[in-house]
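There are 4 protein chains.
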Amino acid sequence: MTATTSPVLSPHQSSAVISAPGERFRAARRQTMYLCQPLTPEDMMVQSCAEASPAKWHLAHTTWFFESFVLREFLPGYRVFNADFAWLFNSYYESFSAFPEKRLRASFSRPGLDEILRYREHVDEAMERLFEREPEAEALRRIELGANHEEQHQELLLTDILNAFYTNPLKQRYREQGTKGTREQENREQGNAGTKTQPLGFAEFEGGLREAGHAGGGFCFDNELPRHRVWLEPYALADRLVTCGEYAEFMADGGYRRPEFWLSAGWDAVKQNGWRAPLYWSDSEGEWNVFTLRGELPLKELAATPVSQVSFYEADAYARWAGRRLPTEFEWEAAVESQPVEGNFLDSGEFAPVPSTNLAQDQNGTKYYGDCWVWTSSAYLGYPGFHPLDGTLGEYNGKFMSGQMVLRGGSCVTPVRHIRVSYRNFFAPETRWQFSGIRLAK
Amino acid sequence: MTATTSPVLSPHQSSAVISAPGERFRAARRQTMYLCQPLTPEDMMVQSCAEASPAKWHLAHTTWFFESFVLREFLPGYRVFNADFAWLFNSYYESFSAFPEKRLRASFSRPGLDEILRYREHVDEAMERLFEREPEAEALRRIELGANHEEQHQELLLTDILNAFYTNPLKQRYREQGTKGTREQENREQGNAGTKTQPLGFAEFEGGLREAGHAGGGFCFDNELPRHRVWLEPYALADRLVTCGEYAEFMADGGYRRPEFWLSAGWDAVKQNGWRAPLYWSDSEGEWNVFTLRGELPLKELAATPVSQVSFYEADAYARWAGRRLPTEFEWEAAVESQPVEGNFLDSGEFAPVPSTNLAQDQNGTKYYGDCWVWTSSAYLGYPGFHPLDGTLGEYNGKFMSGQMVLRGGSCVTPVRHIRVSYRNFFAPETRWQFSGIRLAK
Amino acid sequence: MTATTSPVLSPHQSSAVISAPGERFRAARRQTMYLCQPLTPEDMMVQSCAEASPAKWHLAHTTWFFESFVLREFLPGYRVFNADFAWLFNSYYESFSAFPEKRLRASFSRPGLDEILRYREHVDEAMERLFEREPEAEALRRIELGANHEEQHQELLLTDILNAFYTNPLKQRYREQGTKGTREQENREQGNAGTKTQPLGFAEFEGGLREAGHAGGGFCFDNELPRHRVWLEPYALADRLVTCGEYAEFMADGGYRRPEFWLSAGWDAVKQNGWRAPLYWSDSEGEWNVFTLRGELPLKELAATPVSQVSFYEADAYARWAGRRLPTEFEWEAAVESQPVEGNFLDSGEFAPVPSTNLAQDQNGTKYYGDCWVWTSSAYLGYPGFHPLDGTLGEYNGKFMSGQMVLRGGSCVTPVRHIRVSYRNFFAPETRWQFSGIRLAK
Amino acid sequence: MTATTSPVLSPHQSSAVISAPGERFRAARRQTMYLCQPLTPEDMMVQSCAEASPAKWHLAHTTWFFESFVLREFLPGYRVFNADFAWLFNSYYESFSAFPEKRLRASFSRPGLDEILRYREHVDEAMERLFEREPEAEALRRIELGANHEEQHQELLLTDILNAFYTNPLKQRYREQGTKGTREQENREQGNAGTKTQPLGFAEFEGGLREAGHAGGGFCFDNELPRHRVWLEPYALADRLVTCGEYAEFMADGGYRRPEFWLSAGWDAVKQNGWRAPLYWSDSEGEWNVFTLRGELPLKELAATPVSQVSFYEADAYARWAGRRLPTEFEWEAAVESQPVEGNFLDSGEFAPVPSTNLAQDQNGTKYYGDCWVWTSSAYLGYPGFHPLDGTLGEYNGKFMSGQMVLRGGSCVTPVRHIRVSYRNFFAPETRWQFSGIRLAK
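Residue numbers (my numbering), protein chains in the order written: chain A, 1 to 442; chain B, 1001 to 1442; chain C, 2001 to 2442; chain D, 3001 to 3442.
If you're looking for bench data, these hints aren't it; they were derived computationally from the structure.
Wrong hints could be hidden among the right ones.
To be verified - To give an idea of the interface, some chain A residues facing chain C are shown, with a C-beta separation under 8 angstroms as derived from the structure: (1) Pro100; (2) Phe108; (3) Pro169; (4) Gln172.
Everything numeric in this text was worked out from a predicted model, so none of it was measured.
For every residue, glycine included, the Cβ atom is placed at its ideal position computed from N, Cα and C.
Whole structure, please, built from the sequences with the hints as guidance.
This is how it looks when you write it as structure tokens:
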């Protein structure tokens, strides 16, 4: 995509606090366009694994969401951009319309990127007209949901592009490092050796009868409700994520060859898929390399960064090898409740985001957010009294409450505005294409 | 198998209370043999679905368990029956030995049934010698575990044989009904119309901070421990299981064609597998029949019996259609805690066990046990502080804590001695070959 | 692709007779570019079935062929355009280099189309330098092979784009019909109702001891050699191809539901894939439509055009239903030997080629070439004494002599220069994405 | 099966010349029973690969053939043994009745072996009544076909049992060697070192216009007709089969790792299935063993016996490695036409048949028959003018004429009466469970 298609925020601007609905909407829309800047129209066609969608599809589907659930219902006289798009860019909402099989998205060469960009502009302009009319409360709720939905797809877009570039045998990088440099460079310049890791510590928590789930008036997804009581026994949580270097020790100790560390289904996955390292690790003449949005990097440079792109099964096996366990989602939530939402996020000033070496316990205490989503030992299920949204939007979260595990805390490709203490991400336990890592508990 | 191979208990004898370890062991061993009486050596070769094993394999594997974990360790001078059996009849204990792939069990024509019966006698005799020596505590614990293990395989043996006879195009029946008759016959004779169902009622429970998991000194599996506190919001539980007749209404209302009732993974299963009824239902000229251990019966005769052989997905969809939900495992356990373990079990005097029409709320109140395992909405996970048994036997339960749902309460093919309030059964949500049914909650 | 990227021949110019090696080369290269004119860079990324490759890949791979087998060996000082392309665009030549799995071609967003076009220009310019040096005989042979190779990929490119546009749920058309009009239009204007079909006649042949395989000095592939004797019994060949209208009668007579017409493997394919019509036929409210390079057309408009995109199994079943059989490749060759190579080919002036209604037996006699490849009943095997080319190019044809059937005669997407009487095309019997049709024999 | 169930011929008796229809029938029926003598009812339940059927099914299906195509039509008043058997034991005759999927045969525990044996007796007795009535010509033709059909299943029965015993992890042997000894023993006793191989020679043939297909009045299958002319170029055929020792040299030279020897589809099969030796070879501490009907034997004892259980792809790759090729089926037939049908067959006096070391060119010249079926380079297609039998029996051979290769000459498990010069066996090129070997041509 050429740099001129759309005015964009720099990542630093985009991390400013944005509160008015219009600003919230515009910031989300600009951020998506910014992320596409390094991509060609051809890059935006690639769908390289079953979990992924083409970047162009993400551009269209997020726009479809506003058209379908906001403009068609709340903007009188709204003219639909293209009647076919109503079903073409529906992802999985059975009660809205029929929709194409996911794997067909790679065949959507038409509409071309140009037309998708016009679609975005058409919808964005109509949204501005809606904002001028002071939209009613339900419309504002839908807009808030739509902005959050778009942020989810920003994260997916980068996750999918990383897979696309990894699949391309030429192993393209998403972005060169910016002139401003990265945290690692800054660390190195300031004499902080980025490859040295602090020893792992544990923070202890008392447990007891706690509350979990979203509280207060801000936005949340239906799956974060209702807030409810849970009983927790005393526990402890690691003060940082497991690093690539530590994970390499697990591998060197036969981690992928010793069934005693693995759940039975995990061991089946190891054997069937031939797993012997995290998804983007590859070895060349005895040395491991890791493919990132910055291209392929030697493991030894990343030894102190959090391990990423591991499945739940690998996280669980690592924990067992280490004599620890994974936390439940409620342990994580109770521990983090009083912490500010700070960490290495999509908006943190990295041009090509990767998990950061800056894991150190600083004066402000442990950071629990960002870098990598944390696999928890909790299955993704409805809270007591859970009720999906009414109507089509009820298909958003509830229908996936089967066979998945909860992840918490966001990653280096999550927009900071998107995350909160009660946020529940979820993936099947064999999923590896996400920025998913490991925080130990005991 | 001929009726003369082994002295057997009648089902009525076998339900007597048995407390001494030797009696416990002998009762379990006799019960297994009794269940094989209607089977030919050829029947005992069949392995008709991925979940199933041949009956002969069940005979051998339960024997292997006592040989491997009791006799080899605790009976000095024990002579192994056949060194090859140590790995041949290992099911999945990676740390014990290599073992054949499960699907190969159908090729075990040798050792023949005669040899397997000699293996059983060899081990049974050695066990008697051990009992004479007053075995040490750990040996007694292993024997208790082995008896429970054998009871699990009794249930599997009948479940598997039902599938085998269903797969045989001639649709064999396991047993003719006995001369003594069945509960349904008795009901009919006593004027209790077996096909009339009481209206569904709900019993209400207060919830609060409760304890779950095994308490007291008796036997339990490691996955029932530790006993721990859970917080429950107020809830209500149906006073009987959902019947075949009620389930047929769900089908008639488009249950299998309307995605709005289904979890996304469940809807995928419906489409991929072409599900349109429970596993053993088939239609012939507009009428549904249900295949049971008593052969194929018309649905209309079974309208008042609990629906069985449904997956978690179907149970969950039914509940959503009915405007209810499935209970959590803790709701079930808290509700049932004070109830006696009574119900329609393997030892209940049926020659060819099926779920019973006798669901009625009698003077003693609701029956929560037996007939069909109840799918809960709880994923099968370790309790807080869960620790598997040490050593090889630690592979018994813990390694399956992924991707499965908990079932509670036992079924018409569960030995009554085997069940208790804290008992946790578990299967993948798409599993349909079990005697698994539906109890609603709200 | 924009129309300005390359000077192109119109299809009429390109059908001129071209004999000098340079002209042969240039005509092939121009034709490829001409075919890409209606395509966007995004279209050229799509790989919509296992048989297909992205159009961009075809552009690159045909260029790679000249670079790898001509320039690197015969142009002193040739500078390779990009060292990675040597393996990246290798299709399957195991002895040349490693190569990416075919399914990965959809991930080649980089190199972008711009770079592939520069690659083509780089190689084309180097070829011109080679032509100036009067290349040696082996180089000329390789150039001839490369031009034929490129023509094969022209055909594949259109075949693959048809599938890509069919897979896109919006069902794009490749090209509008040109201003000049099509044969059908001409026919209609001249009062020849394009939808009336002449009754099928048969031409009789004596057979006897005949010769088959390439004769004379022109180019041929190794699989057309050596010319050898075959004995043919007397036979007859239909004087035109089977039409869509005739095929629809087979369907209406239960063709896809009656196993008696099908080879056992064909019947399995029908059941497994749910075949009930040729690949691009779909029904809508009781009417069949056919998807073509001109978009979706009603079957009734195509009733008199040859049926296309049928598998060998369907061709064979149709023939059995019709009380006929398919010809052997030698029967076809002996019958056609004395015929001029005339018919509806890629260069025949159609802007969006489809099989033509112009099947009529004209004064010059039956036309045997063009429109659709004819499935023969001959398995694709080496002729007696067959010897593949030496070296890497020996992997061109011989290694595919297993499990495939021979097709003869070319289709509406075959360049006319490419075809000859001894030409052997080959595909697996279940293949349906080709312009493959039916000529009956008896 | 106990030895007392049926009077049987010894193998020596059964090889006597049998000409009267009744004798032909009885000999075939006795031979089947003789082959089952070493098998238990449980052995006869095993179906260990997709190609195989349980031995019990072979017993029933061959009986079904006589009941369905002879007795029901030609014996007035014939009482069907069991109406269900008509469809239960139908293999694949679509026009006769529906039939169970092949993979379900492993679930046929009922009818038990006892009942199948009674079915055989019932049919055999009815056949005797038919013989007393002097059956009409068509009945005699069907009986002849049925006897040949049963002989085919005798061969399959042993092929399948070898696979069953190989799949059983205990690696059972079919039969101990008999007291009388084997040819190898006799050879050794007579000082003929069985492990020494004569150098491979080639017999030369002139070719020319020859006739192929069945001639004369005896029985043949429809696929051997019509006799027709073929043109053959001069060729040469090896004077013995390729041995295990020679094949081991191909393996040692990287045969399974070098794509240059393989057809493309064959190389795919090597990679997908992990082939690195013939089907029943396994290595243990650097030494290869071969599993046979006599149990597992060291390769070094079998170095001079023909290699068996190789696929067409392996045969073809071996030939290319050796600088030779496989013969066409017509080359084989023309070369062998004048040879007596002699060789190592099922009736050759081996208790547990295996390919023999007795490959030597004796005074009578080269032996072309027996030991192993010879893969030819000919696809299995209909001869010019081929016409299947009318009616249901037309589904016998013709519908399989797709995707298979022809094998010639019979093997050590083929009844000698069953084979003739025009006999065409056929299997898919990846098939390995047959006694299939290699005879080179040039």
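*Contradicted hints - numbers only*: Result: no hint breaks.
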